[in-house]
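2 protein chains.
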Amino acid sequence: MRIIVDAFGGDNAPLEILKGCHRAAEELQGVEITLTGSRETIEAVARQNNISLAGIKILEAPRIFEMEFEPTSILKENNDTSLAAGLKAMAAGQAEGFVSAGSTGALLVGATLITKRIRGVRRAAIAAVLPTPSKPFLLLDSGANSECTSEMLEHFALLGAVYSEKILGVEKPNVMLANIGTEPTKGDALRQETYKRLAANERIHFGGNIEARDIPNGGADVVVADGFTGNIILKLYEGLATSLFGMVKGAFKKNPVTMLGAVLASPGLLGLKKKMDYSEYGGAPLLGINGTVIKAHGSSDAKAIFNAIRQAKGCIENHIVDTVKENLGA
Amino acid sequence: MRIIVDAFGGDNAPLEILKGCHRAAEELQGVEITLTGSRETIEAVARQNNISLAGIKILEAPRIFEMEFEPTSILKENNDTSLAAGLKAMAAGQAEGFVSAGSTGALLVGATLITKRIRGVRRAAIAAVLPTPSKPFLLLDSGANSECTSEMLEHFALLGAVYSEKILGVEKPNVMLANIGTEPTKGDALRQETYKRLAANERIHFGGNIEARDIPNGGADVVVADGFTGNIILKLYEGLATSLFGMVKGAFKKNPVTMLGAVLASPGLLGLKKKMDYSEYGGAPLLGINGTVIKAHGSSDAKAIFNAIRQAKGCIENHIVDTVKENLGA
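Chains as they are written, first to last, in the working numbering: chain Z, 400 to 729; chain S, 400 to 729.
If you're looking for bench data, these hints aren't it; they were derived computationally from the structure. Take the hints with a grain of salt, since some may be wrong.
Residues from chain Z shown here face chain S by an in silico Cβ test under 10 Å; the list is partial [claimed, not checked]:
hint, residue
1, SER545
2, GLY586
3, PRO615
4, ALA624
5, ASP625
6, LYS634
7, TYR636
8, GLU637
9, PHE644
10, VAL647
11, GLY649
12, VAL656
13, LEU659
14, VAL662
15, ALA664
Using 27 Å as the maximum straight-line C-alpha spacing, the simulated DSSO-like pairs for lysine-lysine come out as follows [unchecked claim]:
hint, chain 1, residue 1, chain 2, residue 2
16, S, LYS653, Z, LYS652
17, S, LYS565, S, LYS634
18, S, LYS648, S, LYS534
19, Z, LYS653, S, LYS653
20, S, LYS648, Z, LYS653
21, Z, LYS571, Z, LYS534
22, Z, LYS534, S, LYS652
23, S, LYS595, S, LYS571
24, Z, LYS534, S, LYS634
25, Z, LYS653, S, LYS652
26, S, LYS515, S, LYS487
27, Z, LYS595, Z, LYS565
28, Z, LYS702, Z, LYS565
29, S, LYS634, S, LYS648
30, S, LYS487, S, LYS475
31, S, LYS634, Z, LYS595
32, S, LYS648, Z, LYS534
33, Z, LYS595, Z, LYS585
34, S, LYS534, Z, LYS652
35, S, LYS595, S, LYS585
36, S, LYS515, Z, LYS585
37, S, LYS585, Z, LYS475
38, Z, LYS585, S, LYS475
39, S, LYS585, Z, LYS634
40, S, LYS652, Z, LYS652
All C-beta atoms in this analysis are idealised placements derived from N, C-alpha and C, irrespective of residue type, glycine included.
Please work from the sequences and hints to get the whole structure.
As structure tokens, then:
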């Protein structure tokens with residue numbers, strides 16, 4: 400299978416991207432990697448850092464899609480960037496998957512209008528995989544569509560269920576709706592309508608509403624939300640975890656005895672840190688697109704890029720696009 | 400000053416309520432406490448637990464407002480409950496403040512329609528005080544109004560700024576809008592309109608949009624949100640903190656050495672736990688009501704009830720209602 404990787408997306412591009420691709424080329428069987436970006440810069444950085452590009456192709460794209468660019472400009476003045484080049488190549492049938500740590504907005508616009516949606520899918524959604532003490536869950540939409548209809552939320556539920564089953568290996572994933580109370584009548588009009596749609600849809604195992612308090616308990620396999628709410632959940636999850644771990648660290652530094660305690664307790668704490676580390680989970684798939692598109696975290700390191708490529712491989716091997724077409728396609 | 404306390408609200412009523420009131424009657428100067436509820440039950444529980452009710456009055460209300468009752472029923476068939484009795488007494492001028500750990504919905508409906516809003520305030524909001532590693536911040540609306548207009552959000556900003564300044568002692572509180580990006584054009588139509596209103600309002604020190612990721616960093620003194628988003632933030636904050644502390648605890652139990660580490664580190668961790676403990680902060684004020692109304696957490700213990708009464712005292716002493724009238728009243 401062929402996977403394209405944007406060499407110039409994210410805070411640590413291109414060095415960490417190249418390292419991640421090198422590892423993927425070595426370790427992932429049957430994956431052909433193509434990097435998009437300036438061939439000159441890619442080859443220079445690889446040389447300076449002794450990274451072999453053996454088995455990796457380069458698709459020339461002279462410019463970088465900067466974070467401050469308007470997302471829609473990917474269709475016009477910025478359609479010669481490394482981000483645009485990857486999406487266009489995928490649309491032209493030159494690859495099955497695309498990974499980028501670049502602008503989420505531009506990736507979404509480009510995937511929707513260049514690579515195109517699966518027929519029948521109203522809007523593509525960004526699905527984030529979030530950890531809990533017991534198991535990860537899928538949150539979608541986690542930021543692509545800030546205004547949603549109940550029909551869109553129903554599609555997100557279907558897209559999430561397919562991904563959860565095929566990629567995360569969950570049998571009959573429990574799909575729940577993020578809401579401010581558990582009863583069917585709770586929340587605003589959008590939530591009440593969506594509740595009815597999800598309850599009536601036989602292709603979904605609908606577990607009802609979930610309050611934000613219960614999300615970290617791991618009861619839901621798929622949490623459905625409009626993109627505004629989903630983005631609030633995603634970023635608060637990230638921010639609060641960072642902040643609380645920082646506080647725990649600070650508490651350990653209170654005095655020499657507590658510091659010794661921290662050293663003794665560290666094997667347990669390291670396992671915990673690993674569990675909550677986003678880079679273990681790869682990236683966030685854009686679901687509903689006619690191809691596998693993975694948005695890697697903006698601050699991805701080589702490991703996160705490697706995991707995002709492995710994740711793209713999993714989506715392609717497991718025919719996610721075709722399964723969505725069967726379930727949702729018109 | 401006179402403060403009424405609902406003896407039959409919350410999971411630990413009436414015992415913890417009575418204990419909290421007893422302590423408040425002893426320690427808080429100038430506060431006259433009246434309990435609402437069944438006199439017979441209140442006196443029996445006090446007797447069985449050796450709690451002195453010296454200096455505490457009782458206002459007879461035969462029934463309890465159960466959690467599963469419809470909030471609006473407080474105006475009709477359930478207007479003889481301990482919750483309704485307190486609001487009616489306050490409306491009749493028999494007290495300046497009311498504290499309840501009972502149904503949030505009923506407290507909101509009752510406060511709005513029995514005690515009534517301050518003239519010019521579109522909707523009352525529930526303000527929650529949330530901790531961060533550096534300082535607490537105020538989040539409103541945290542669940543009263545799941546559908547909001549930009550005018551309502553502007554009122555919430557003003558209410559929050561007054562409370563933050565007068566009660567939390569913040570000079571020129573930094574008011575920020577919960578959104579999915581920092582630029583003024585981010586988010587849905589509601590957020591974009593609200594941004595313009597807040598930026599144009601000279602009575603607010605508007606710090607712009609805040610992403611959920613940055614909320615735990617303590618940069619905002621007041622975070623403004625519609626009640627749906629605010630409730631998601633509030634409950635995820637609570638749920639994730641509980642879950643992460645549980646995970647840290649679990650990590651300590653890995654083996655005897657990590658357990659010893661935990662014991663040595665415990666002085667630092669206890670300070671941290673206290674910092675994140677909601678009961679230290681009292682309850683959530685209902686702002687915009689013509690009287691001081693404090694919603695104590697449903698699982699309040701005696702300490703939380705005591706702190707909620709102390710908080711009501713602070714609101715009354717600092718003339719929160721009059722200040723809101725000056726700033727917002729029509």
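Hint-by-hint comparison with the structure:
1. SER545: holds, 5 Å
2. GLY586: The hint holds - Z:GLY586 has a Cβ within 10 Å of chain S, the shortest such distance being about 6 Å.
3. PRO615: holds, 4 Å
4. ALA624: holds, 8 Å
5. ASP625: Nearest chain S Cβ about 9 Å off; hint holds.
6. LYS634: holds, 4 Å
7. TYR636: The hint holds - Z:TYR636 has a Cβ within 10 Å of chain S, the shortest such distance being about 7 Å.
8. GLU637: With Cβ-Cβ at 5 Å, under 10 Å, it holds.
9. PHE644: holds, 8 Å
10. VAL647: Given a least distance of 6 Å, the restraint on Z:VAL647 holds.
11. GLY649: Z:GLY649 check passes; min Cβ-Cβ to chain S is 7 Å, inside 10 Å.
12. VAL656: holds, 5 Å
13. LEU659: Status holds, d = 6 Å.
14. VAL662: holds, 7 Å
15. ALA664: Interface hint status for Z:ALA664: holds (3 Å vs cutoff 10 Å).
16. S:LYS653 - Z:LYS652: Holds. S:LYS653 to Z:LYS652 sits at ~21 Å (cutoff 27 Å).
17. S:LYS565 - S:LYS634: Satisfied, since the Cα-Cα distance of roughly 26 Å is no more than 27 Å.
18. S:LYS648 - S:LYS534: holds, 24 Å
19. Z:LYS653 - S:LYS653: Holds - the C-alpha atoms of S:LYS653 and Z:LYS653 are around 23 Å apart, at most 27 Å.
20. S:LYS648 - Z:LYS653: holds, 18 Å
21. Z:LYS571 - Z:LYS534: holds, 15 Å
22. Z:LYS534 - S:LYS652: holds, 19 Å
23. S:LYS595 - S:LYS571: At roughly 20 Å apart (the allowed maximum being 27 Å), S:LYS571 and S:LYS595 satisfy the hint.
24. Z:LYS534 - S:LYS634: Since the Cα atoms of Z:LYS534 and S:LYS634 sit roughly 20 Å apart, the hinted pair holds (cutoff 27 Å).
25. Z:LYS653 - S:LYS652: holds, 21 Å
26. S:LYS515 - S:LYS487: The hint holds at about 10 Å.
27. Z:LYS595 - Z:LYS565: holds, 26 Å
28. Z:LYS702 - Z:LYS565: Distance ~23 Å between Z:LYS702 and Z:LYS565 Cα, so the pair holds.
29. S:LYS634 - S:LYS648: holds, 21 Å
30. S:LYS487 - S:LYS475: Distance of about 13 Å is within 27 Å: holds.
31. S:LYS634 - Z:LYS595: holds, 24 Å
32. S:LYS648 - Z:LYS534: Holds - the C-alpha atoms of Z:LYS534 and S:LYS648 are around 17 Å apart, at most 27 Å.
33. Z:LYS595 - Z:LYS585: Judged against 27 Å, a Cα distance of about 12 Å means the pair holds.
34. S:LYS534 - Z:LYS652: Within the cut-off at roughly 19 Å; holds.
35. S:LYS595 - S:LYS585: Roughly 12 Å between the alpha carbons, so the hint for S:LYS595 and S:LYS585 holds.
36. S:LYS515 - Z:LYS585: holds, 24 Å
37. S:LYS585 - Z:LYS475: holds, 21 Å
38. Z:LYS585 - S:LYS475: Since the Cα atoms of Z:LYS585 and S:LYS475 sit roughly 21 Å apart, the hinted pair holds (cutoff 27 Å).
39. S:LYS585 - Z:LYS634: holds, 15 Å
40. S:LYS652 - Z:LYS652: holds, 20 Å
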